[in-house]
Structures are given as C-alpha cells and as structure tokens.
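Undergrad: Chain X is fixed; fit chain Y onto it per the hints.
Read off the chains here:
Number of protein chains: 2
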Amino acid sequence: MVQNHGQQTNEGTDRNAAPVMAQTGALPGMFSRYKSSVEQELYKAVPGSGAGTGSSEAYRLLRYHLGWVDQQGADMDSSLSQGKALRPTLCLFACDALANDFTKALPAAAALELIHNFSLIHDDIQDRDVERRHQPTVWHLWGIPKALSAGNAMQCTGDLAMLNVADLGVAPETALRVSSILTESYIEMIQGQCLDLEFESRTDIKADEYLYMIACKTGALIRSALEIGALLATDDAATVQAFARFGEYLGRAFQIRDDYLGIWGDEATLGKATGNDIRRRKKSYPVVYALEQASGQAMNELLRIYGQDELDEDDVQRVLAVLDEVGSRENAQRLTEEAAAQAMDALRPVSLPNWAQTEAEDLIDFLARREY
Amino acid sequence: MVQNHGQQTNEGTDRNAAPVMAQTGALPGMFSRYKSSVEQELYKAVPGSGAGTGSSEAYRLLRYHLGWVDQQGADMDSSLSQGKALRPTLCLFACDALANDFTKALPAAAALELIHNFSLIHDDIQDRDVERRHQPTVWHLWGIPKALSAGNAMQCTGDLAMLNVADLGVAPETALRVSSILTESYIEMIQGQCLDLEFESRTDIKADEYLYMIACKTGALIRSALEIGALLATDDAATVQAFARFGEYLGRAFQIRDDYLGIWGDEATLGKATGNDIRRRKKSYPVVYALEQASGQAMNELLRIYGQDELDEDDVQRVLAVLDEVGSRENAQRLTEEAAAQAMDALRPVSLPNWAQTEAEDLIDFLARREY
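The listed protein sequences correspond, in order, to chains X and Y. Quick note: the first sequence, position 87, residue 87 per the working numbering, numbers continuous. Quick note: the second sequence, position 124, residue 124 per the working numbering, numbers continuous.
Bound conformation, chain X alone:
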C-alpha cells in the first residue's frame, strides 16, 4: 500500500479537504490520508440496495444516515454531509504508526464508524433531534420504529465488519480480543447514554460524575479505536495500553471542546446559534460546572431555569451570564488543555516514527482547539 505520510495529496477524495483546511484549527493530515480507504471499507461493509427483498429498506435508511443517498435513495455528493470519521482515522493511525501499514485495521475502522453511527441514530431518537449534519434525522423522516431498526442494523453491520478482521491474516485470538474490546467499549457507551438521560432530570450533577459519563459515552469508543489499532499492530501490552490511555484523554479533550463549542462556538462555522446547547437544556460540562459553583441568586436562577420544560431567550441569556460569572468558559478550556497534555504524556513511553509523533501532536492540538 502506497502511503503518503504527513502531507496532503491533491487527488481523489482529498479535494474535499480544501475548504476544511482553510478554517482555524485545520483537520490534521491523517484524516485526508485515510478518508478514501475508510469510505471504501464502509461501502464494502454496508450491503447495497438489494431488489425485491424489502430488506433493502433497512439499508436504505443506513445509507441515508451515512450521507450516501438522499431521502428518495438517489446518490448524494458524499462530501456534503459526512462526518470527520474520527474513530476510524484514530484506529488506522495507531496501526499505521506502529506497523507502518494500516490495511489490517480497515475492518475495525469500518466497524468503529458504524457503531458510532448506530449510536447517533439512536441518540437522535432519544434527544428528539430533527436535524444532523444539516439533514433531517432518520426518525424524523421515517418514524421511531423504523429508525430504531435502522440503528440496530447499523450496529450489527459494524459487529460483522469487525469479525471480518480474521480474514486478513489476523490470528483468531487477536480477532476475538478486538471484537471483545469493541463490544465492551460500546457497552460503556450505552451506559454513558443511560447516565446522560438520567442527568436530564437532575440539577445536582457533580463535575466528576459528568466526566465519568463522557468517559463512557464518548471516551470509550475513541479509546477502543486507538487500542484496537495498536493491538492489530503489536503484541506489546505496554504499547497497547499507552494508546488506550492516549485515547482516554483525547476523548475527554474532544468532548469538553465539543461542549464548549455547543455553547460558545462560532455560528457561521458550526451552523448552530450561540447558546444552542443552553436552549436545548443540555447539561454539558460548562452548565454542570456552573450548577456546582454558583451560589445565592445565580444558583436560584439556574435551578428555576433548569426546572422549566422550555427555555425562552431571556433564560438562555441569563444562563450565559451565570456561566460567565462563575468562569465556566475558562474552566472548560483549562480542562481541555489539561486532558490534551495528559494525552501527550500517555504516548511518551512509546517510540514512534517522527511523522507519527508529529501527527499525534497535531491531532491533540486540533481536537482541543478546533472551532467546528
């Protein structure tokens, strides 16, 4: 496999990377390097629209969610609505950095992206979100029952993709091990979703509880992406463990930055209004921190506002003011920086080629400081 480390190519799918690169906190090179490989592997993993069986219906919804087809099933320009493919990119990077070859990790990369998207389809049902990546959500178009099945089909497709790793000359023991790691990590993810749902009705969430929740809901799959990629490249347990810890801190940095952007992100870049997550009553980190830190009148107002079913614009502005008063914004960014530094520390014992070391640093920098 021809590789092109640490530089952008100007071919193929990479043309889509250009507008992204122009923004603050450019998407690191590894994303464009693995993009077309991840896409091809995903196309292989998700069955096409078989005629007549009706089973195609489930897969049509999957393909729609993945941004491949529109509501009517017609092919889409894939560059418009797809995500970053963070998890597969991390998995391939880990394998590549340690073995100078990422092909063995491709089935795992596809599996991780499918499992992540399964969680998004179900998340949208749970949160009643009507839009994702500027498109109507699956449940919003086809109803909860079909969206529920589409999510389940996405998850199975991911599991099956993972079991395919054994066909690429990976030892059966290793194939079983990575399947277990993936399954264990998405059990954690689901536990995180449960906790998140529980937090909706609580105003006494401690920052530590919140960090535990995101370690499950977001962190587990990011950690397992790096752990699995490393495990497919090396038998050295300490190295695999270092990548797992790297992923753990990376996941934290990523999620707290996500929480930050959900409140203070630039409207034009994100396509969402400032304060959006406040409006949706999301108990993201800055709000949890404020609920822990505020006192007196500010606390009473927070409790009153989060006791309501809906927030009006005055409420949103008042919450934003309290977040300012207690220093939620600075605290969130400080925590992100701390997690970024811990991620860097976690990788220190591992000897990596220069290109990989540089890319790991770029990645941390990007995840902790991105604007979108």
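Hints in this document: simulated from the structure, not taken from any laboratory. All of these numbers come straight from a predicted model, not from anything done at the bench. Note that CB positions come from ideal geometry on N, CA and C, so glycine has one too. Mixed in with the good hints there might be a few duds.
Chain Y regions said to be covered by chain X (calculated; three or more residues, Cβ under 8 angstroms) [claimed, not checked]:
#1 181-194
#2 351-358
20 angstroms max Cα-Cα, derived PhoX-like pairs, lysine-lysine [unchecked claim]:
#3 X:K146 / Y:K146
#4 X:K206 / X:K283
#5 Y:K146 / X:K282
#6 X:K283 / Y:K146
#7 Y:K283 / X:K146
#8 X:K44 / X:K104
#9 Y:K282 / X:K146
TA: Okay, now just chain Y, sitting in the frame of chain X:
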C-alpha cells in the same frame, strides 16, 4: 455434569414445571432439564446492580425485563414472569444430543436469550405494546429513550456472553464462527422487523413474502440456536447443516402456531382474548392468507377494515368470519404440520441417541400443537 435425560426431576426450579405439564401439549422435558443452567448462566452474564455508578440503571431495566426484579428493583419470584427460554434450550439440546455434554454451549445459550430479549424490548417500543408476560413493558414504565438503551445494553451483554465461549476451551476459530453466526442471524432478525413494519401499511402481502419475513424475524435466531449448539459439539458440516435446517422448519412451525394462537388461542390459557391479534391489526399469517384468498364482498370488507386506524368489535367479528370463510384456520394448521414434518425430515440423516431422537420429536410436537 450429571444429566437426567428424558425424565422430569422433582428438584429445584422444576417445581415450576408442574402446572405447565398439566396443560395440553406439555412443555417437553428438555426445557426443565436446562432451565436452572440457563438461569445461572444469565445471572452470570448480566451485571448486578453496582452501587453509585449510575450504570446500574441500565441493568436494572434489563433485570426487570427478564422478570428478576420488580419496578422498584426488589427481587421477584422468577417463576412468575419468565418465558420458556426456547432458544437457549434448543442450543443446549443440539450440543447435548451430539456431544452428550451441553456445558460448552452455555455462554451461547445465554447470548441467544439476551439477544431475543433485546428484540422484545425494542419490539415493544415499535408496537407500542404496554404489557408483556402480564407485566408493564419497559418503555411503558421508563419511556422510549431509556427502553431503547436498555435494549441496546441487553444486546451487547449477549454479544459479550457469546465471546466468552472461547474461555471454555472452544477453539478461537470456532468461537469466531459462532459469534458470526449469531450476529448474522440477528441481522436477519432485524431485517425481519423492518419488513414487518413495512407490512403494517400494506394489504397486498403475499403468503410467500410473509413466510420470508417470519423466517427472518423469528426463524433466524431459532435456526442459529441449533446451528451454534451443533457447531460447538461437532466439526461435521453436514450434521451442523441438518440442525440448521431443523431449526429453520421448527421456527416456521413455531411462528405459524403463534399466529394461530394469537387469533384462536384459548383465552384462559393465554391471558388474551380470542381475536386479540385481529383487534391489534396484526398482519399475521391467517390474515395474510385471507387477504390473498378473499374476493368480492369479503375482500372489500377486509380492505375497508384494514384501511382503518382502529378496529371496533364488529370489525373484529367480521374479520374472524372472513377467516372462517376462506379456511385460514385450517390452512394455518396445515402449514404448521407441514413445517413440523419438514423439521423431522431435516434431522433424519443425523444419527442421534434414542433419548435425543425422542426429545426432538416431542419438541416438534409441542411447538406445532401447543396451546400457549
């Protein structure tokens, strides 16, 4: 392991078998023989209520659905609300019949029951069913978002249980193979659910389409239960294949009988009123057959009735009358008997010990003629 083939014991969990045995079409002996082993394996697979983490919430809902605890989390008399554990029983029986030992198949048996129950939790959401096994359903008590996650947690727990099969001295290749079979079969199950949802809005379903749908929705997991049990006992591909085909026909007999009971089942035995599935507008086999066979006035009435959102008692009686006119009842029972005979034929090439041969016959007889 001490076994007690072909006879009922009077100890332990078997006390619960007594009332069941008194009914027409007694539950075959294999159900009581494996019952406590299946229960123990399930207890091992489903994490207990860990304190403080909040992750216990998801498992509390699982334990509730499985009939182990009540809504408040207090222990229940497990004999009251649990199902037959059909799939684990089939899996253990196949392994036992071929290897005279079922212990290697216990993780798979637990996995099958968990995957089946995952589908039930999600089915209840999709069908908006408020009661199952005489208890309120999970979504009805805790809402759709939490029920959705509880179902997902059940499914992952099943996947993990299956991967544990490797700890029992099963070769990693075989462990991977049975995991793949399980995953493939529940992809089929989910495709079946999608088709079933699609059928809700259709009145032109052909009997063949319906049989394909139930082969996916119900048949796949029953087939894989027997296939996996056989594969854990023997390397002989023809034998494994025979058990898979046995399961295929068994699944069809089981489901058509289920459809029959949903309409003409005895109210006292089932705890449901006659015509219940008509009332719920379920397009089960007898209705599909009638929609295919009816003509003239009868067909017009069926189309009018199934074009409505709700059926009143007159509608239900009218549908029952049309089913009688076109011979749906006899046809359903004939199809069940045919599937039962095909199931028996499928096993014929396999040389089984006498006890197993007798039990396989009892099983077919029970599934095709049961009253509950």
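Undergrad: Decide, hint by hint, whether the structure agrees.
TA: Status of the hints after comparison with the structure:
no.: 1; hint: 181-194; in the structure: holds (count 8)
no.: 2; hint: 351-358; in the structure: violated (count 0)
no.: 3; hint: X:K146 / Y:K146; in the structure: holds (17 angstroms)
no.: 4; hint: X:K206 / X:K283; in the structure: holds (11 angstroms)
no.: 5; hint: Y:K146 / X:K282; in the structure: holds (17 angstroms)
no.: 6; hint: X:K283 / Y:K146; in the structure: holds (17 angstroms)
no.: 7; hint: Y:K283 / X:K146; in the structure: holds (17 angstroms)
no.: 8; hint: X:K44 / X:K104; in the structure: holds (15 angstroms)
no.: 9; hint: Y:K282 / X:K146; in the structure: holds (17 angstroms)
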